[in-house]
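As you go down the protein sequences, you meet chains A and B in turn.
All residue numbers for the first sequence refer to the working numbering, where the first residue is 24 and numbers rise by one.
All residue numbers for the second sequence refer to the working numbering, where the first residue is 24 and numbers rise by one.
Incorrect hints may have been included.
Pairs involving identical chains hold if they fit within one copy or between any two copies, as the list cannot separate such chains.
Using 25 Å as the maximum straight-line C-alpha spacing, the simulated DSS-like pairs for lysine-lysine come out as follows [unchecked claim]:
{"hint": "1", "residue 1": "K136", "residue 2": "K80"}
{"hint": "2", "residue 1": "K136", "residue 2": "K31"}
{"hint": "3", "residue 1": "K522", "residue 2": "K482"}
{"hint": "4", "residue 1": "K224", "residue 2": "K349"}
Treat the hints as calculated values from the structure; they're not laboratory data.
All values reported here derive from a predicted model rather than from experimental measurement.
There are 2 protein chains.
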Amino acid sequence: MKTLQDLKPLIEYLQEIQHLSSAISIFHWDQETYMPPGAGQARAQQLSSLGGLAHDKSVGPEMQRLLSQWVDLKSGEIKGEWDEAPQALLREVWRDYDKATKLPSEYVRRFAKASSISEQVWVEARKKSDFPLFMPHLKTMVDLKKEEIGYIGYKDSPYDALLDAYEPGMTVAQLVPLFAALKQELVPLLEKIVHSPVQPKDDFLRHSYVPEKQLAFGHQVLEAMGFNFNTGRQDLSAHPFTTSFHPTDVRITTRVDEHDLLSSLFSSIHEGGHALYDQGLQADLYGTPLGEARSLGVHESQSRLWENGIGRSKPFWGHFYPILQKTFPEGLRGVDPETFYAAVNTVRPSLIRVEADELTYNLHIMVRFEIERALIEENLPVEELPSLWNEKMGQYLGVVPDSDAHGVLQDIHWSGGAIGYFPTYTLGNLYSVQFLNQAKKEMPGLEGEIAKGNLLPLKKWLNEKIHRWGKQYPTDELVRRVTGEPLNPTYFIQYLKEKFGPIYRVT
Amino acid sequence: MKTLQDLKPLIEYLQEIQHLSSAISIFHWDQETYMPPGAGQARAQQLSSLGGLAHDKSVGPEMQRLLSQWVDLKSGEIKGEWDEAPQALLREVWRDYDKATKLPSEYVRRFAKASSISEQVWVEARKKSDFPLFMPHLKTMVDLKKEEIGYIGYKDSPYDALLDAYEPGMTVAQLVPLFAALKQELVPLLEKIVHSPVQPKDDFLRHSYVPEKQLAFGHQVLEAMGFNFNTGRQDLSAHPFTTSFHPTDVRITTRVDEHDLLSSLFSSIHEGGHALYDQGLQADLYGTPLGEARSLGVHESQSRLWENGIGRSKPFWGHFYPILQKTFPEGLRGVDPETFYAAVNTVRPSLIRVEADELTYNLHIMVRFEIERALIEENLPVEELPSLWNEKMGQYLGVVPDSDAHGVLQDIHWSGGAIGYFPTYTLGNLYSVQFLNQAKKEMPGLEGEIAKGNLLPLKKWLNEKIHRWGKQYPTDELVRRVTGEPLNPTYFIQYLKEKFGPIYRVT
Numbered sequence: 024m025k026t027l028q029d030l031k032p033l034i035e036y037l038q039e040i041q042h043l044s045s046a047i048s049i050f051h052w053d054q055e056t057y058m059p060p061g062a063g064q065a066r067a068q069q070l071s072s073l074g075g076l077a078h079d080k081s082v083g084p085e086m087q088r089l090l091s092q093w094v095d096l097k098s099g100e101i102k103g104e105w106d107e108a109p110q111a112l113l114r115e116v117w118r119d120y121d122k123a124t125k126l127p128s129e130y131v132r133r134f135a136k137a138s139s140i141s142e143q144v145w146v147e148a149r150k151k152s153d154f155p156l157f158m159p160h161l162k163t164m165v166d167l168k169k170e171e172i173g174y175i176g177y178k179d180s181p182y183d184a185l186l187d188a189y190e191p192g193m194t195v196a197q198l199v200p201l202f203a204a205l206k207q208e209l210v211p212l213l214e215k216i217v218h219s220p221v222q223p224k225d226d227f228l229r230h231s232y233v234p235e236k237q238l239a240f241g242h243q244v245l246e247a248m249g250f251n252f253n254t255g256r257q258d259l260s261a262h263p264f265t266t267s268f269h270p271t272d273v274r275i276t277t278r279v280d281e282h283d284l285l286s287s288l289f290s291s292i293h294e295g296g297h298a299l300y301d302q303g304l305q306a307d308l309y310g311t312p313l314g315e316a317r318s319l320g321v322h323e324s325q326s327r328l329w330e331n332g333i334g335r336s337k338p339f340w341g342h343f344y345p346i347l348q349k350t351f352p353e354g355l356r357g358v359d360p361e362t363f364y365a366a367v368n369t370v371r372p373s374l375i376r377v378e379a380d381e382l383t384y385n386l387h388i389m390v391r392f393e394i395e396r397a398l399i400e401e402n403l404p405v406e407e408l409p410s411l412w413n414e415k416m417g418q419y420l421g422v423v424p425d426s427d428a429h430g431v432l433q434d435i436h437w438s439g440g441a442i443g444y445f446p447t448y449t450l451g452n453l454y455s456v457q458f459l460n461q462a463k464k465e466m467p468g469l470e471g472e473i474a475k476g477n478l479l480p481l482k483k484w485l486n487e488k489i490h491r492w493g494k495q496y497p498t499d500e501l502v503r504r505v506t507g508e509p510l511n512p513t514y515f516i517q518y519l520k521e522k523f524g525p526i527y528r529v530t
Numbered sequence: 024m025k026t027l028q029d030l031k032p033l034i035e036y037l038q039e040i041q042h043l044s045s046a047i048s049i050f051h052w053d054q055e056t057y058m059p060p061g062a063g064q065a066r067a068q069q070l071s072s073l074g075g076l077a078h079d080k081s082v083g084p085e086m087q088r089l090l091s092q093w094v095d096l097k098s099g100e101i102k103g104e105w106d107e108a109p110q111a112l113l114r115e116v117w118r119d120y121d122k123a124t125k126l127p128s129e130y131v132r133r134f135a136k137a138s139s140i141s142e143q144v145w146v147e148a149r150k151k152s153d154f155p156l157f158m159p160h161l162k163t164m165v166d167l168k169k170e171e172i173g174y175i176g177y178k179d180s181p182y183d184a185l186l187d188a189y190e191p192g193m194t195v196a197q198l199v200p201l202f203a204a205l206k207q208e209l210v211p212l213l214e215k216i217v218h219s220p221v222q223p224k225d226d227f228l229r230h231s232y233v234p235e236k237q238l239a240f241g242h243q244v245l246e247a248m249g250f251n252f253n254t255g256r257q258d259l260s261a262h263p264f265t266t267s268f269h270p271t272d273v274r275i276t277t278r279v280d281e282h283d284l285l286s287s288l289f290s291s292i293h294e295g296g297h298a299l300y301d302q303g304l305q306a307d308l309y310g311t312p313l314g315e316a317r318s319l320g321v322h323e324s325q326s327r328l329w330e331n332g333i334g335r336s337k338p339f340w341g342h343f344y345p346i347l348q349k350t351f352p353e354g355l356r357g358v359d360p361e362t363f364y365a366a367v368n369t370v371r372p373s374l375i376r377v378e379a380d381e382l383t384y385n386l387h388i389m390v391r392f393e394i395e396r397a398l399i400e401e402n403l404p405v406e407e408l409p410s411l412w413n414e415k416m417g418q419y420l421g422v423v424p425d426s427d428a429h430g431v432l433q434d435i436h437w438s439g440g441a442i443g444y445f446p447t448y449t450l451g452n453l454y455s456v457q458f459l460n461q462a463k464k465e466m467p468g469l470e471g472e473i474a475k476g477n478l479l480p481l482k483k484w485l486n487e488k489i490h491r492w493g494k495q496y497p498t499d500e501l502v503r504r505v506t507g508e509p510l511n512p513t514y515f516i517q518y519l520k521e522k523f524g525p526i527y528r529v530t
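Here chain A stands alone, though its shape is the one from the complex:
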């Protein structure tokens, strides 16, 4: 049986590529946090050049030489007898290699440059709510992704080729019934909630809350979660995100609004959940699939588990509400814990995905998923996006954007060519509840610990069960290993009913 030790030269080569990827990541992080505005064009060239270089190395002769010793490059068949971990490593490296060889290096450079410029124009366009300014860049990105589908190929839907990059193995054929089942339950539940005579009072969330104190409180929660500030940091950016240059250098960002007590806090907890995953990866295997996050859906499960499963739970606020109230005695004067808990769990159809509650969030995703399929499967012209967006928002959420900034321009994803990404958010929601249920089952005292502010047992459980495995198991196998069964949306539906039933007095 061959072991990881036998793969040392390959691992070292993968880590060289990883250093290039980390350079790309720091350029991106910098672009969103500290880059001077006039550096945009140069940054686009830098990203394009490094992206092309990383791509060249990942398909070049040295990669072929190293990989072909152990894998048939055509079929992906692994030669010889291997331990489980190196076998998985070879499986995943070949998968990436096979995909990357399909993309011409010229395309990779062209894409990197176009997406960097497009992202910068999107920032401008969103600021001015100017869709026509962004439109030609969006068209370029869609065309580039279609070109990519042409290189990669697909079986059933061209959209599968894109989806697979974010959620390996997932297909439109699997998603459609999953989303239908969800819609069938969520829409009537939302209906009941919207029309319930019981509506949480939450106007106090918009009092004045000093930004510095908000950030300090978020910091405190991140520390309780086990986010390691010795190997990570938090900065400000227009759109919160998590990035990692190594498990010992994981960075999150947030934005803060004086008149919104929850926005910065929940973005911190959300990105903190992502960051715990990245900090929990195996450092010595970083750059190899065994030291990489399983999929975006699993990544999102970690952020949503912390943001919603913990951050919007009763035990969590049992400990943290008194601290928050002490931090903001004026803003929260007279607000009792029950009122605060209900306010944190307000369900209200709204325009902005990242500010949506747990229930309507998935309807935002459905709007995007359907538009993406129309763009890719039916060649919908990008000109029609704003009206289609507004139409679907009215249909599923009963609200229509007053401007494109609050509509079709709100998300960064499409500007960087990330089409096929949105469904992973809903998958993340489903995984998160299934994982958290299992954690509670295995640790009956967990909620008691959380109520004491002790979040570390949960973090440790996630480290052990999910983070440390990287991509060793395919997603469906990982879910089965952790929870004993495949992805099952009924946990999520049940969770929503059990949470919102009492708050809104609906059944």
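Starting from the structure of chain A, add chain B where the hints point.
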């Protein structure tokens, strides 16, 4: 006659390498500004890997193929007839290529990793004033530089091989008489100043000055100098520095001390001078020698020209002192412009180079130059550095460090292997005065403009005369083109006498 257009493929290849170098620069910048402390080991690996990659590309088969079309790779002889600019480009590219081919790629990686770790240990050692902690790393760096000399070779002194990396063409044989001439004039002048009965009052500089206001004033001065904040920024770091990822992305850092009014201000002006050079390089030729700074000495001439020639001059403070006094009405209460001007020009032998005045600064450099020569030419053991340092400080400046943090550990340079770098500071001082004299000669109204706060004519002159030329001319030719004569230390000596004579009433 062939033109730059003929070199397009080479230029594009050089720019690809530049993008790697820019990635290295941003990793360095980040290491000094925002990197989480626990990321040091990973950062060292990233820097090592990218440094090796950039080196591989700059000596690899593609480089050879491109360059050998126009240059004999053995002799450096340029084939065919070329315009002045492409001829210079080929001359400099071959020079870099020839040097780089002498270094094994394995050595480059080893050096990058060792220097990154050594720099991090130095930070720790300086903080604790613990020379023994740093010593093994310093020994490694010295050994690595000696190994490098072995690869590069030299004619007269092994030290020349190192010096040439920072100040191409400069040699120990040229420096020794230059420094001797300087010492002959400076030591008696310092003697007179120290014993003069007239000593500026400067205790008010150590009153309390709110850091934020200090930074805002520095920002205002940088704007007046023409530093472009749209294509640059300023951050905080332990040791002020300037770095550039492109002429549209130039970054400076400073540190600020509530009880030192001048430290942050003059570091801002100093780094601002460097930054104007970097912002003034030709963006379309960035990554080629024509879009690169001529030498460290010329770079330093720009920072010192602004810091001392302008920032410590009467016309400058004629405009800025009233503003500063309005910013700090309490701290500067009752301090008249004459008193302030004298305080800004206090000469006082002290321990720290970066805080030294214009006169004693060069004595600090001589201490380092002599120690470096002893390390390289005479194999002085690093164990003996602290005592030799203290001995020389006593000899030249009449002061002896109370701790290694204020002595041999104060500078970052040796920790990163930058041996042979220090002499460029004194060269910069000499060039700066010679350049500024010429600017005043060509623009008789210059001092009048400066007294009105209009610093832009000088910036424009420097852009035109120095920045835009990159490495088109060798340093001695550049100096001759700008000032009509070769480097001449008498300008500097005369400048010091004319400035300090009246302040200290010495002749």
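To see whether the hints hold, each was checked on the structure:
1. K136 - K80: Intra 18 Å, inter 21 Å, cutoff 25 Å: intra and inter.
2. K136 - K31: Classified as between; 20 Å across copies, 33 Å inside a copy.
3. K522 - K482: within (23 Å within a copy, 65 Å between copies)
4. K224 - K349: within (20 Å within a copy, 50 Å between copies)
In this structure, none of the earlier numbered hints is contradicted; all agree with it.
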